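Starting from the two chains in their separate frames, assemble the complex, guided by the hints.
Sequence order for the protein chains is S and U. Residue 167 in our numbering sits at position 167 of the first sequence, and the numbers go up by one each step. Residue 225 in our numbering sits at position 225 of the second sequence, and the numbers go up by one each step.
Don't read these hints as lab results, they were simulated from the structure. A quick note: this is a predicted structure, and the numbers were derived from the prediction, not measured. Glycine included, each C-beta is placed from N, C-alpha and C at the ideal position. Heads up, a few of these hints could be off.
Stated by the list, open to error - Which stretches of chain S does chain U cover? Using the computed rule of at least three CB atoms under 8 Å from a CB of chain U, they are: (1) 148 to 159; (2) 162 to 176; (3) 218 to 228; (4) 244 to 257.
Said to hold, decoys possible - What follows is a set of in silico ranges between Cβ atoms, one per label pair, in the way DEER data are often shown: (5) U/Pro300 to S/Ser205: 39 to 47 Å; (6) S/Ala14 to U/Glu333: 24 to 32 Å; (7) U/Glu333 to S/Thr63: 45 to 53 Å; (8) U/Ile193 to S/Val198: 29 to 37 Å; (9) U/Tyr425 to S/Gly192: 23 to 31 Å.
Residues per chain are reported as follows:
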Amino acid sequence: MKALSQKRRHPLAAIALLLMGLLVTGGLYAVATTMNQAKASTTNFTEQDTEEGGKLFAANCATCHGMGAGGTQDGPSLVGVGAASVDFQVGTGRMPMQMNGPQAQEKPVQFNEEQTRQLAAYVASLGPGPSIPEAGLLDEKGNAAEGGELFRVNCAMCHNAAAAGGALTRGKYAPPLAGVSGQHIYEAMATGPQNMPVFNDANISPEGKRDIITYLKQIENNGSPGGADLGALGPVAEGLFVWIAGLGVIIAFTIWLTSRTS
Amino acid sequence: MSAASTAEAPAYVAKTKAGRITDFVDERVGGSGILREFGRKVFPDHWSFMFGEVALYSFVILLLSGTFLTFFFDPSMAETHYDGSFTGLQNVEMSVAYSSSLDISFDVRGGLFMRQVHHWAALLFVASIAVHMLRVFFTGAFRKPRELNWVVGGVLLILAMAAGFTGYSLPDDLLSGNGLRIIDGVIKSIPVIGTYISFFLFGGEFPGTVIIGRLYMLHILLVPALILLMIVLHLFMVVVHKHTQYPGPGRNDGNVVGYPLGPVYAAKAGGFFFIVFGVIALMAAFFTINPIWNYGPYDPSPVSAGTQPDWYIGFVDGALRLMPGVIGDFHFEYVIFGYVLTLNVLLPALVPAGILFTVMFMYPWIERWITKDNREHHVLDRPRNAPTRTAIGMAGFTWYCVMWAAAGSDLIATHFNVSLNDVTYWLRALFFIGPVLAFIVTKRVALALQRKDREIALHGRETGRIVRLPHGEFIEVHAPLDEYKRYKLVGFESPAPLPAVPNEHGIVTRKEKRRAALSKLFFEDRVAPATPAELEAAHGHHGPHEAVEAADEQRSLTH
Chain S
1 MKALSQKRRH PLAAIALLLM GLLVTGGLYA VATTMNQAKA STTNFTEQDT
51 EEGGKLFAAN CATCHGMGAG GTQDGPSLVG VGAASVDFQV GTGRMPMQMN
101 GPQAQEKPVQ FNEEQTRQLA AYVASLGPGP SIPEAGLLDE KGNAAEGGEL
151 FRVNCAMCHN AAAAGGALTR GKYAPPLAGV SGQHIYEAMA TGPQNMPVFN
201 DANISPEGKR DIITYLKQIE NNGSPGGADL GALGPVAEGL FVWIAGLGVI
251 IAFTIWLTSR TS
Chain U
1 MSAASTAEAP AYVAKTKAGR ITDFVDERVG GSGILREFGR KVFPDHWSFM
51 FGEVALYSFV ILLLSGTFLT FFFDPSMAET HYDGSFTGLQ NVEMSVAYSS
101 SLDISFDVRG GLFMRQVHHW AALLFVASIA VHMLRVFFTG AFRKPRELNW
151 VVGGVLLILA MAAGFTGYSL PDDLLSGNGL RIIDGVIKSI PVIGTYISFF
201 LFGGEFPGTV IIGRLYMLHI LLVPALILLM IVLHLFMVVV HKHTQYPGPG
251 RNDGNVVGYP LGPVYAAKAG GFFFIVFGVI ALMAAFFTIN PIWNYGPYDP
301 SPVSAGTQPD WYIGFVDGAL RLMPGVIGDF HFEYVIFGYV LTLNVLLPAL
351 VPAGILFTVM FMYPWIERWI TKDNREHHVL DRPRNAPTRT AIGMAGFTWY
401 CVMWAAAGSD LIATHFNVSL NDVTYWLRAL FFIGPVLAFI VTKRVALALQ
451 RKDREIALHG RETGRIVRLP HGEFIEVHAP LDEYKRYKLV GFESPAPLPA
501 VPNEHGIVTR KEKRRAALSK LFFEDRVAPA TPAELEAAHG HHGPHEAVEA
551 ADEQRSLTH
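Only chain U is shown next, with the shape it has when bound in the complex (with noise of 0.2 Å):
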């Protein structure tokens, strides 16, 4: 029967010759399928959503140009004398690593170009990968589904910063030796088995004739594929996920509201590539980046002033900076049963990068915890609605930021003409002080603006219009604010602290006392959005305000 209707039916055939030819590949791969429910998919649009995009893109152009370089770098590190065309270094005895180098730089057309294109895509890509995840964290997209997707983000962070590091030291010129130098010390500063990691990695003592060989391998094979691993499993779950949205009229959790993939989307999409392209193609072309001829070879003798890492290392090496070798008469340093325990290294190189790195991986699950909200959450918190959790946002990135500045600190202080000494002293007292006050005065700052939020919903908007009414009294008009711009400072969560509750023995444990005392440190001062019953008294009548500021007091439970 079913065989005997297929037979019976018409058989499509199309009019065209490549129509036909699609419909050949279609009946086989179902392309139409893919593409039914791929350019569907809706997107909204905002621009603080296209970081990620700006990532992707940058990994393309280095995949790209990454690809051009390999065809002339040689990561040898035996030893030649410059033949090329570089008359500043005419003859001097380098590693055929820094000659390819150089040749790729000046005797390869378009060498140097590509080379550029290659360094500015990479501090661009992990530069946008920051953006994007500072925007995630700030808008709370990270919760419910996503966490694992976020973790995923991290891990791409890391994976981004290890190419960056593995690229940065292939030219073997002064500056990325002198980098590798720094984390062998770092290696090596491991109790115990540090000397043995760093024998291994080195295939000897530092500098050896193996290491770019194996940094090249790792940057050219197993990063990169790493990282293309997890860019797959990242786009997979936001295609499960589906993208977040930032709250508006007619959106909440259950729909996504923006435009469809096909056919406006994927255009701007595809725009997008051209212009980042673009970009980074015109810094390539016009800004000068890691210039390795005036580093000249590496030797572990010389150090030049102004030796820093990319930016993305810099917390880390600012981190070193900052560490005191002694404090008055206390040192750092123990000899332990001949082990050599170097904690001034030791300390600044792993610690607070562990620490935020840790704290960054586990803060859905520590935010889920506290606030016991199990609810899948689709649309993105605006950052002031969610105080502490910016708080906190801002406390992490102002420490961040003072480890990224002490990476610089011999140049503020030329640039500044200021003490590099008092440089450090500030930074390491900003060390401390810094987030703490970033916290106090970013949660301050984002209850005012939900205080002011709740004012204008309530009032309008002041238009600075003063009216003199027939009785003497003077009164600023305000303007109704239009519903749809209402909702936005209207319709969000104000959660309360919540009590600590005893478990299924009647019990109140120790760890639900300090989830307590964490929500009350999160939601006790707060600011509640403004009721529609609240709308209603304010607009009802426009007489008695002095009511209505009266409930608002009562309402929005502050300190």
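Same shape as in the complex, but just chain S (with noise of 0.2 Å):
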């Protein structure tokens, strides 16, 4: 101890405490960053679903994305963003997409099963980016009740609290979740499409993605408790329903008790 006090004043101290300054933040930084980085891909894709996958993205998607995904002006590059990316894109219908807009819309799915494997194979081949989740984390076993907290922080604001969906922004939107596959929802999270954040394993745990999944599937299938739910909308569809449907019935029945006299 004595041998570091005296060396303090060493020239060289001040670059050998900056390297190891240097070292620590940076291997710290490492560390922290390993939790976000996407895994590389656990789903096995073989050397022939990449081979196929890059057909069928020369076909449909490089017009916009470029040949290689390495985008246009058109369209962002793909490297890098994954599996899940592609699987919950193309698997939405989203992709391709139908015009340009605020932003893409769900319609009806253009790819079977089979040739969305295959795009993602060759998307994941790119470069490493999130995968598709694991069965265990899809199976709706997880906490419905922390689920639904981290909904409410995490979710709300844009899907609405019971997932009825929400307005952005300029024409964008955040969709209702009601009938969206665990699997997508995941994906959702993991990946960031259109204007949502991406949720990444430190912000939302794997096991915390499931527990929300859980949620939304509970009160999916569920149902309301109190009767039809008028769409979850809250007091606008409530209002709504009182001034048309109440009032309505009600003024049908003031015409009915008036209408023998006078």
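Right under this line is the structure:
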């Protein structure tokens, strides 16, 4: 210890300290970011998948995304977006995109499962990115109550507390989540499609994502305990209903009650 | 002498036991006298007269269902962990108030149904008050002697909104907490005293631990008591003034044509209570309202998309949404002596509502001042026969509806696939242009309908039967109206503008000039009802229509 304190005024001490500091912060950063870093594809794609996917990509996607998915003026580069992104975008029909607009619309799916898998394999082969989640995370057996809390804190401001969807600025919107498969929900969180932010594994852990999916599937499957949910849109739908249906029926009755006099 | 005569009069003894008991009670409370007085009260029959009744019955249902809810609701903001049958919130940290609301929904037998009855009845309560007031306004029922009752009705509307809002906040779910947060923001935007009021109301910084208990007391004690008091006043004045009636043959300001309360009307009204109850019960049984379990416990950090107040507070929320934060470089927020003046919250939250309610309360006096009409009115106006009043009403209604729609701007955007920003821009424009357009269009429509009425009164109804005369002329046969129908088309007043008159000192005051200008605005464009002489001219000889039409042109002073 004494030797060290004696050398503290050595001309190289400052440089050594700087190096040490850089090493520590760099090392910590590396550790921290690996949590966020998309893992390399765990799904086993065969060589043939990748090859077929490349052909499909060239025929259907390259017009906008460029040959080799390097991106053009009309579409972003897909290097490193991962298999999850392809599975979500193509699997929900958002890609190939119907038209340019504030965001890609959901529409009937254009590729079958096999083709979607091949496209995912091709894009995954271009660079590491989020992979298609394992079945264990999609079993809908997480903690629904905790999922609900996570959902309210992270998702409800756009998707509505009952996941009925909501408006964003300039024609963009957060779609309703009923009827969306657990796999697509997971992929959306992992990749942040359209205007959605990315919720990486440091932000919401895979278990948290599993809880959210459990919660969403629970409110979807349990139905509405209080009767028809009127779109689960809150007080606006309720007000519209009471004015049109409630008062409407009552006015019909008042007309009936006063129809046989004077 | 008198003592002897009473002693000699044979005492009336009822034949049956029930009769004897009735007689016993009647001698002590004078029930038959009350019944004679009230049972003979005549009420005119018209469907549009029944919205006040709907409001009254909704209020009764609110009292009954609300009492049930108080048995199980606990307004404490103490922290607890949910342990009920709803798995979606199992073990989540929340307030006791929210937990007991969930228990009412899931663990109390019939609790969810009663909660939904209460909430639907509340929405219907305010809606029926609103429609009732629109009916009263557009038919001119607020005129003398009913001005004060109009004010009582307006107070009832405000109290109903207060009752609704305090109730909306009680479950302490995310939605209601967001609503409270907005109220807190509005209170804090009041210059100087705002922050003090907010800290007083919430017992410290928002949300604190006392607000639910305080709102609960207001909701179940003070506000309903005031509503009840106002209802008593309102009904008392209805009895004193007697009911208004629509114009018709044999109806005038000195009589009421209709059915006596007993027995037919009482039976109808009693039956109608059960109809209203039935409609509310069906809605509560089959349609969810305020699914608090979806919203989760209140937590100041998350704000859900689609957060709106119940419909009656919607117009204030809409005004807040329409207000721009900045216009170009112009800001609405100032710091004066260290106090922040946030006009972009203060203006939209208080000014439109203030204008609406001020004009609403003062309108009977405004119109009385302009028309100098100090007579009692018991016969209503058909809206078309008071074109300017109808136009003013529609302008106000349109203004309200623009703000109301703005509260749902996000849902308009998502459901009609338009941009939220565009919805806001359009509604901002309509906020200013809408009332003006509504005024002009309504006035023109009303005048056109009056002209049509006049035309029908003079020439009869078009039958669509074309007849060719021997000399080749084609005419359409017009069927004359019967007298009863014609009365409806000609039996109304059409006041002419009252020019300014000098006061006792021979001076035309500036105020009188303003009144005359307003009178001109009100009555310059008018269609006079067909006079008996014109009717005689029109019906006496069928040939020369032209002469009558020429007279029409002259007499109907339009434009």
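Hints versus structure:
1. 148 to 159: It holds: at least three residues are needed, and the stretch 148 to 159 of chain S offers 8 whose Cβ sits within less than 8 Å of chain U.
2. 162 to 176: With 11 residues close enough to chain U, the hint holds.
3. 218 to 228: holds (count 8)
4. 244 to 257: Check passed, 10 qualifying residues.
5. U/Pro300 to S/Ser205: 39 to 47 Å: About 24 Å separates the Cβ atoms of U/Pro300 and S/Ser205, which means 39 to 47 Å is violated.
6. S/Ala14 to U/Glu333: 24 to 32 Å: violated (49 Å)
7. U/Glu333 to S/Thr63: 45 to 53 Å: holds (49 Å)
8. U/Ile193 to S/Val198: 29 to 37 Å: Given range 29 to 37 Å: violated, Cβ gap about 46 Å.
9. U/Tyr425 to S/Gly192: 23 to 31 Å: holds (29 Å)
When the structure is compared with the earlier hints, violations turn up for hints 5, 6, 8 and for no others.
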